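S.K.: Here are the chains, one letter per residue:
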Amino acid sequence: MKHKVATTVNGRRHEHEVEPRLLLVHYLRDVVGLTGTHIGCDTSQCGACTILVDGKAVKSCTMFAVQAEGRNLTTIEGMAKDGQLHPLQQAFWDEHGLQCGYCTPGFIMAAAYLLSLNPNPTDDEIRKGLEGNLCRCTGYVNIIKSVKSAAAAMGGAPARAGEKSVAGR
Amino acid sequence: MIPAAFEYARASSVDEAAKLLDQYGEDAKVLAGGHSLIPLMRLRLAQPKALVDINGIKGLDQIKVEGSKLHVGALARHVDIQNSEVVKDKLPILAEVAGEVGDNQVRNMGTMGGVVAHADAAGDYPTIALILDAEIVTNKRSIAAKDFFKDLFTTPLAANEIVTEVVFPVADGPHKYIKFRRRLFDWAIVGAAAQKMNGGWRIGLTNVGPTPVRAKAVEDALQNGAKPEEAAQHASDGLNPSGDLRASPEYKKHLSRVLTRRAIEQAT
Amino acid sequence: MAVTTMIGAKIHRREDPRLVSGEGRFVDDFTLPNTAHVAFVRSPYAHALIKTIDLTAASKSPGVVAIYTHKDFAKAIAGGIPVAPAFVAEKKHVPNRFPIADKEAVYQGEIVAVVLADDTYQAVDAANLIDVDYEQLPAVTDLEKALEPNSPRVHSAGQDNLAWDLTYVPDDPAAMKEADVVVKERFHHQRLAPTSIETRGVLADYSSADRNVTVWMSSQNPHLMRFYLALAIGLPESRIRVISPDVGGGFGSKCPPHPEDYLVTAASRLSGRPVKWIESRTEAIHGTAHGRGEFFDVEAGAKKDGTLVALKVTQYLDAGGYVGNLGAFQGVACLLSGGAYRWKHVSARTIGVLTNRVPTDIYRGAGRPEATHLCERTMDLLAGALKMDPVALRRKNFATEFPFTNNFGLVYDSGNYEGALDKALEMVGYEKLRREQEEGRKHGKYLGIGFSSWIELCGIGPSGPTAGATGGIGLVESAQVRVFPTGSVAVYVGTHSHGQGHDTTFTQIAADTLGIPYDMIELHHGDTAEGPAFGYGTYGSRSLAVGGMAVHKASKKVVHKARKLAAHIFEAAEDDVVFDQGQFYVKGSPDKRKGIGEIALASYGAGSSLPPEMEHGLEAVAYFDPPNFVWPFGTHIAVVDVDSETGNVELLRYIAVDDCGNIINPMIVEGQVHGGVAQGVAQALYEEVVYDDESGQMRTGTLTDYLVPTANEFPTFELGRTITPSETNELGVKGIGEAGTIASSAAVMNAVCDALSPFGIKHMDMPASPDRVWKLIHAARGASSDGHDGKEARK
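Chains as they are written, first to last, in my numbering: chain A, 1 to 169; chain B, 1001 to 1268; chain C, 2001 to 2795.
Pulled out of the complex, with its shape left as it was, chain A reads as follows (with noise of 0.2 Å):
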């Protein structure tokens, strides 16, 4: 039995009737037709996937569209204002931080939800907070680098040189 879905997305609303078992993921991908969001993994583990809903980063293969009822999403489509790259996809672009480019707009989107929360990471925070996103193309050095980059662009401290960086816990 389908259900009534009315979600917001980018700023524009859609009213669908969906099954509950469509994936979020699906939802935007097949019925609202942005294809931006990528999967990449079936457990909730690579992030590829991830939008914001009421502005908090989140994995859309692991959220039934009915779910987002009445919810905020943006999705990397709605990231650029008025033909205008987020400092976010601009930095990505200028620090080389993609390469085959399928994982890029979730790592954009979790980015974009760490700087909300901080917007002046240090290296360390940068990682952890994109702990829920992979990459197999990039080894992170330049992924890290643009939010860095970005966090800078954005109103920040200027991104601090020289800082040292090893991974740990």
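Worth double-checking, as some hints may not be accurate.
Below, a list of computed lysine to any residue pairs in the SDA-like style, where the Cα atoms sit at most 20 Å apart [as the list claims (entries may be wrong)]:
{"id": "1", "chain 1": "C", "residue 1": "LYS2775", "chain 2": "B", "residue 2": "ASN1240"}
{"id": "2", "chain 1": "A", "residue 1": "LYS56", "chain 2": "B", "residue 2": "GLN1082"}
{"id": "3", "chain 1": "C", "residue 1": "LYS2775", "chain 2": "B", "residue 2": "GLN1082"}
{"id": "4", "chain 1": "C", "residue 1": "LYS2177", "chain 2": "C", "residue 2": "ALA2533"}
{"id": "5", "chain 1": "A", "residue 1": "LYS2", "chain 2": "B", "residue 2": "ARG1010"}
{"id": "6", "chain 1": "A", "residue 1": "LYS4", "chain 2": "B", "residue 2": "ARG1010"}
{"id": "7", "chain 1": "A", "residue 1": "LYS56", "chain 2": "B", "residue 2": "ASP1061"}
By construction, these hints were calculated from the structure, which means they are not laboratory data. Here the structure is a predicted model, which means the values were calculated and not measured.
Chains B and C: place on chain A using the hints.
M.R.: Just chains B and C now, with coordinates in the frame of chain A:
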């Protein structure tokens, strides 16, 4: 991958949720954060015939202190527990544990009630609940943590019974939870919790058996004046963990001792 | 001579605006009306007879369009998935691999039935209703067991499980006798799942009316796929179009043809509808070709002054249930087992073995990581046995004169191994680090320093050896450069980037060679309907050294024609015409210039204004056949800290000094090294495809258990470079796409073993997970039988 079809209903109150669960019977499941349930459904390891979505029930996400008790609503998300000033003040170990569940995206969705009701051996909250003698409150009764985690994925919850809150004692003394895992967002291979309270220690272990373990022998040794290293040797007393991909039984027992010692030593 | 303003520049990528905006076009982003969606039924068993398949319930399932099994495809697909001879001359047993199982499934994941439905959800529902009656057969999921005489047969009709057995150079026992010190070890390379974040996918649209098919697929080599399909589906290449759009990573796994490529294409023909399949991650781990899956028995001898004498290598490769399309290419590990060093004698033999597991095939580095690993680990073992510093041992034995011919007749075109080593030592602060290590050992702190002085063969490759290896296709590369009347340029190339930035770097090359502004040049790749007749794809770090060179060659042909036409227009001799940064002028009259764009327009004009014998237009096709492979090299250094209580290994620092010859875009080069290093580190410390020996079942079928690391598991890699131009091509370029992976597993494992050496531990295999490390330390400490530790306490 694609879940099997199911019927779906949203509950706006706990009573309504219970009624819906009654209506759908044994094959219905509660949908809260969904981050344990939905991955299982995508792999078709779980195929509930109906989901009762409780995310809209107001008031179920409250976190508050009443006297010496901290009430954490079943729908409190990990991120909210992690950032709650109340929790950081009154039961800081819980805030720290919440901050290490999964990743940011998971923490925005996963709930206290969900983790507790799912009773995964690798869940972190059950260990804290157990060692602190928390109460799991449902729409029908209150169950002591030591009676709640019966076996892997097994609790006394009836089909129409819903966790509404978990009640912890306030404990703001030295504490430490060490979650030993491979990747930062992984489940614990072994976790060790140490909480000093009421003049003594509470020590617990995650993922060394089908349910969380309270290391009473360690607590007693500490009470009797043993140094952390000595006391921690008892962490593996009575343990019979099964091996898995990441750890042999022997390694788990070893880790339980090492991590327990470290948790006690690092507790602040 | 043109000033190279674009080559060498850090130009930001053209690909990025669409990719950061979510406007990338990956296979799953394409939709066609009336598409039927596929779900596959796959064998849940490692080895089983397929007795019956009951489609009754499934065929009634909502939305089902058709369900196909072997009998439907038997007429639609000819032959089996091709297997390249690669470097293996003598094949013993190469079981025919039809894309769908008939009566027997030989690995968990092998396809048994194909369901088409109106949408994916319905297809999956129906697939779950198909009732297959399997009879389990004994399975063997361990390489060594598969070689035993009473092993279960992977294919029940097979004599044994031996796929190939080839000796490259036979062992000479006399050679090893000259050694004063001999070490022996076995090095395991665990099975890996390539795990590109975009899985595979195929959308096929067969037109019976037009008798042609268009196939969108996530492929590293669309032209080769077209070729393979032509061999199988009864359509010539001229009627097959393969479009590989944006590809979300490949790492080799999207090179070989996979069963689904054939089945989806044939299903479109059978059903009369476009057919689409997008692989799930679980399917990918159970069905996309695995990497590595080998072990090497190595014996190495040296003189007591450290001079290397002899190396004996036997490679055992787990082919899986079928020999992979390029599965035997990994034999190249033998040919490079001597590494960067001079050996008196190297012998090698490669043995391929079937098991009831997913077939293995090329994966980033393909044989060269294995060669580097066994060689560099052996160097450390020899250094230990000789009580010699591992750096000194390497220095003493490096090849220093180039071209250098190795023990297998391969010619390394250029190198400066000591230069890279010295730079790496400087970057890591080697002396200080050793002192830190020594100090730390007194306080229960175990630092490890590991080297990997790597070399590799890439830029695949010269047509002679590669035609032999592939069974008839020389792996050259093609490009077409076409100048339009308005002076803009389209460049078509047969490589296909999936992250390497060719849209940017190849355009840089064309811009410099043609002297036409970068912004007026557009690169096209990935669509077999465009460009030269055949392209060869992207893998083996070949795109720049072969594809970029083809672009350069075609661009030069265009300039050559343009110069002739310019000379005609200037009424001057060709030799008197100068070409400088896109402009032509007669020697001595530099103020009277004509840009190449003007010349292009002229080429479209009246025939009478062209020189006699010259045709209209300004475009050229070039195929570049490199005279040799190219030979990048470098030294990587890993610094680890081992927690002796938990066995946890933390990678503290990673230094990578690489030499890939002249550099087109340094930003791209660094990105490739970062990614390559991460994958090798991941193999050293995290990833492994695990099968249960008893049941033959895979235990690491999802990313919960297959441990692809996050950003938190890596430090920031520190990169350095030396530049030793290649002698093999005019631009002096080499490849770099795989270098990071080729070097890194050895660097990390050398570091781990160095950290563990105070315990008397000389060797351990990958992955160095904490449980494994602890087990070795525990055993070395001779702990009491109840498992309790010795006294050492450490925070």
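S.K.: Indicate, hint by hint, whether the structure satisfies it.
M.R.: Here's how the hints hold up against the structure:
Restraint check: the Cα-Cα separation between LYS2775/C and ASN1240/B comes to about 18 Å, which is no more than 20 Å; the hinted pair holds. Only pairs whose Cα atoms come within 20 Å are accepted, and LYS56/A paired with GLN1082/B is accepted, the gap being roughly 15 Å. Distance hint between LYS2775/C and GLN1082/B is unfulfilled; the C-alpha atoms sit about 36 Å from each other, more than 20 Å. Restraint check for LYS2177/C and ALA2533/C: not satisfied, since their Cα atoms lie roughly 55 Å apart, outside the 20 Å limit.
Note on LYS2/A and ARG1010/B: the hinted pairing holds, with a Cα-Cα distance of about 14 Å set against a maximum of 20 Å. Distance restraint check for LYS4/A and ARG1010/B: the Cα-Cα separation of roughly 12 Å lies within the 20 Å cut-off, and the hinted pair is therefore satisfied. A distance of roughly 17 Å separates the Cα atoms of LYS56/A and ASP1061/B; the hinted pair therefore holds under the 20 Å criterion.
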